[in-house]
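Asker: The residues making up each chain are set out below.
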Amino acid sequence: MKLNVNGVDYSVEVEPRKTLADTLREDCGLTGTHLGCEHGVCGACTIVMDGSPVRSCLLFAVQCEGAAIETVEGLARGGELHPLQQAFWDHHGLQCGFCTPGFLMLAKGALAENPDLTGDALREVLSSNLCRCTGYQNIVRAVEDAAARMRS
Amino acid sequence: MSLVGTPIRRREDPDLLTGRKRFIADLTAGCGAVAFVRSPMAAARIVGIERPEGSSVFIAEDLIGVGSIEPILHRPDYFRAPQPVLAVDRVTYLGEPIAVVVAATRREAEDLAEAVYVDLDPQEPVVTSAAALADTSRIVHPGAGSNVVVSGVIDTGDVDAISKSAVEHIELELASARQSAAPIETRGAVARVDEESGKTTLYASTQMPHVLRTAICDLLRIPEADLRVIAPAVGGAFGQKMCLPAEYAVLVWLARHLRRSVAWVEDRRENFTSSFHSRDHQYRIRGSFDAEARLLALEGDLVANVGAYSCYPVTWGVEPLMAMSELPGPYDFQSYRVRARGVSTNTCPMSPYRGVSRPVLTLAMERLMDVAAARFGLDPVEIRRRNLISRFPYRSATGIVYDEGSYLASLEKAAEVVDLDSFRRRQAEARKQGRFLGIGFSVFSERTGYGTPAFAPRNMEVTPGYETVEMAMDPSGGVEVRIGASPHGQGLVTTLSQVVADELGLPMESVRVVHGDTDRTPYGWGTFASRSMVVSGGATKMAAVRLREGIVAVAGDMLEAAPEDVVLAGGRALVRGTDRGVDIADLARTAYHQTPKLAPGREPGLRATASYDPAGTFSNACHVAVVEVDIETGGVRLDRFVVVEDAGLLINPLIVDGQIAGGVVQGIANALYEEVVYDEEGNILTTTLFDYLPPTAAEIPPIEIHHLETITEASVTGAKGLGEGGTIGAPAAVINAVSDALEPLGVQVMEMPATPERIRRLIREKTKGTT
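Listed in order, the protein sequences are those of chains A and B. My numbering applies: residue 1 is where the first sequence begins, and numbers increase by one. My numbering applies: residue 153 is where the second sequence begins, and numbers increase by one.
No lab work stands behind these hints, which were simulated from the structure alone. Please read all numbers here as calculations on a predicted model, not as lab measurements. For each residue, glycine too, the CB sits at the ideal point set by N, CA and C. Careful, some of the hints might be misleading.
Some chain A residues close to chain B (C-beta under 7 Å, calculated; not the full set) [claimed, not checked]: (1) H92; (2) L94; (3) S127; (4) C133; (5) T134.
Based on the provided sequences and hints, a complete structural model is requested.
Answerer: Following this line, the structure appears as structure tokens:
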């Protein structure tokens with residue numbers, strides 16, 4: 001089957017039981033998408049599919065043919081960090097960094113759906129994913145700052 | 153301008169933000185996939201194991217010559233309980249590895265593991281401390297004679313006489329449930345064999361690569377030179393990755409036995425059932441106070457459920473014995489009688505988790521202060537004001553010496569920030585409307601930067617503490633800093649670069665920090681126990697000072713100046729008061745390639761090594777939580793969280809605040825949400841993140857952080873450690889706040905997590921079902 005990831009077509013041969021997350025990591029070589037629980041809670045595997053943030057551990061690869069998939073590897077363009085990546089860096093929105101790709105893609109998808117997300121509504125969206133290091137303070141700050149940068 | 157003290161963005165981040173950084177699961181290509189067959193029972197005799205024919209399944213009897221995990225504590229009351237890396241004859245906890253399988257893919261390995269049939273004859277499981285201490289309990293390790301596998305007593309200051317002279321005695325029973333550190337990245341490792349040399353490299357998600365190498369080589373009885381351990385990016389650890397996992401040793405054995413590279417990445421269920429747990433403490437304490445509400449004497453009986461086996465290297469003595477020696481916390485009294493016991497059960501082995509026993513002992517002391525305050529009609533600030541230590545150095549009843557701190561000042565500052573009087577007015581108004589607001593204070597000390605002088609009294613066979621740093625300037629003028637610490641999110645690459653760059657007058661970009669590789673770094677203990685900035689940072693500073701001396705000597709030769717007249721700044725060595733100078737890059741080149749131009753006898757090259765082994769230093773802080781409790785549901789909402797922290801000199805304030813906030817949230821989790829639940833049979837009921845509940849962004853209020861900076865002489869950089877403080881102080885602040893909120897109902901919370909279910913039960917008991 002074909003998978004379109006970050007605008008590139010990948011030809012992969014997968015078992016029907018293989019998840020999108022495993023396929024991205026093992027067959028496309030895109031290991032920036034991480035796995036923390038494989039049951040849809042931690043959100044470390046969050047990617048953007050057709051503009052919306054989704055858990056790649058809860059999808060089979062075979063469900064995703066024809067979809068536009070975005071992963072963390074596609075965020076920076078030409079060596080320039082995406083505003084979300086830049087804001088996470090500026091605000092110390094990561095420590096061990098394992099959950100970070102998931103948060104970046106969650107925020108990217110959520111801001112695509114609502115560029116004005118802020119305050120409690122933003123915290124509610126960010127509560128989709130777990131971070132064990134930061135206490136969320138700087139993740140919230142980073143996403144608010146990035147949203148402002150992206151609006152302007 | 154000094155880089156130290158500046159909130160510099162981390163050098164670690166670009167690789168992590170772009171997904172380039174490799175974690176263990178990103179290193180498995182080309183490896184055989186490993187899965188473990190684990191015990192489905194808490195306690196059973198192994199009757200037989202049937203493996204599918206012709207498949208790669210290994211059990212204990214195949215592991216010829218492999219020893220048992222048997223960490224040693226030199227105490228007469230310590231029982232060793234040798235742990236086989238794969239179960240022999242019996243299983244002692246649910247999730248214990250019994251067999252290991254290797255297949256081409258993880259999916260096939262899991263299918264194969266399911267095809268292994270293990271015949272088990274169940275035994276009566278011992279799950280809780282209370283059950284284990286009962287006279288009739290089955291003994292988990294018969295050789296121990298009882299389920300108490302480690303214990304200690306401190307009895308000092310004539311407690312009987314002093315407590316007789318007291319006017320108030322307060323007895324409390326407290327408990328903290330069992331937790332999992334639950335890093336978002338589970339454990340995992342990859343063992344690769346070099347075809348040519350036969351040497352094995354273990355890539356492992358670990359906090360302690362050097363100690364892991366020693367442990368595995370001892371178990372496998374091979375020279376350390378035959379094994380290299382590399383910690384790649386580690387996705388959180390918090391203590392769960394600071395002890396030896398049996399699985400990592402099995403992987404090395406498999407790779408050597410099969411001459412094949414193998415990989416294992418545990419799934420979340422395995423992480424909950426089989427990765428080290430923590431906490432599970434039960435305390436009884438009795439405080440005796442004089443008429444002025446001053447604590448005179450403290451008695452206690454402290455029990456820690458330490459699980460099925462002792463963890464290497466710190467042993468299962470770490471929790472109870474630390475609780476015994478550090479229970480007094482920041483309070484000034486000298487009469488103390490405490491017994492501490494570690495109790496073995498048929499539950500997952502334990503490893504220290506961020507804060508170790510201090511979140512629970514801080515809960516005990518801070519609940520004691522609040523209950524006493526109510527008894528004496530004082531507010532929570534005043535009772536602490538009367539009892540906190542204020543003279544330094546201070547020697548506690550247990551003999552621990554506290555360096556200079558700001559215990560009182562942190563309390564006063566926190567009280568000012570939260571404005572207790574106006575909160576009380578708001579609270580009174582809310583109560584009239586049937587709303588239950590509460591405020592909770594927590595003052596505590598955080599012992600950090602333990603060197604061997606602090607660890608030695610524990611009498612561990614393996615006594616950690618020092619750190620060594622090797623530093624070299626290469627011929628191009630770059631500095632490589634090789635450290636034995638093993639950071640995994642703490643930002644040490646950035647902070648150590650700041651220290652070195654300042655000392656040598658170089659930009660941070662000229663400094664490379666190498667860590668997490670036993671073949672590239674000096675022997676060290678890794679990163680845990682709030683130690684790295686103090687100990688590894690101190691060794692880095694000392695090595696940088698020595699390297700600077702070497703650079704200045706070469707500069708003196710080249711510029712014909714006295715070393716004391718040479719200054720290093722802006723990437724140049726300059727002669728003070730002149731326009732003479734040389735670029736560091738040219739200087740470095742000369743030091744390697746033009747040694748005949750240097751003074752006779754000058755050692756070629758530029759390098760320095762330093763070790764640092766401090767006695768330790770105490771950070772301190774005051775936390776304040778403001779909560780609202782919904783008495784209908786038992787739910788707690790955090791409205792505000794204030795931290796006044798004193799961690800000495802802040803090397804990088806951005807990173808410091810990140811450590812504090814992250815720690816506080818793990819403390820809030822301990823107070824309100826997280827609990828590993830076992831049923832009576834020893835089955836774990838919380839094996840997913842649907843059941844075990846780390847907090848999300850939605851539960852956590854903004855955390856307000858204020859700093860005090862007491863500069864200590866107990867740390868060469870002036871920095872005190874702070875990795876654990878948030879987790880140590882927050883639970884008590886939250887539980888005190890919940891109890892304050894429920895004061896009109898007469899409810900006192902003494903057990904955490906204070907889940908809605910527990911809070912409702914306490915309310916029902918007090919109101920007899922009327923609320």
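Asker: Each hint should be assessed against the structure and marked as holding or not.
Answerer: Evaluation of the provided hints:
1. Because the beta carbon of H92(A) sits about 5 Å from the nearest beta carbon in chain B, less than 7 Å, this interface hint is met.
2. A hinted interface residue such as L94(A) counts as satisfied when its beta carbon comes closer than 7 Å to some beta carbon of chain B; here the least separation is about 6 Å, so the hint holds.
3. Residue-level restraint check for S127(A) holds (minimum Cβ-Cβ distance to chain B is 4 Å; threshold 7 Å).
4. At a threshold of 7 Å, the smallest CB-CB gap from C133(A) to chain B is about 5 Å, leaving the interface hint in force.
5. Checking T134(A) against chain B by beta carbon gives a least distance of about 5 Å; that is within 7 Å, so the hint holds.
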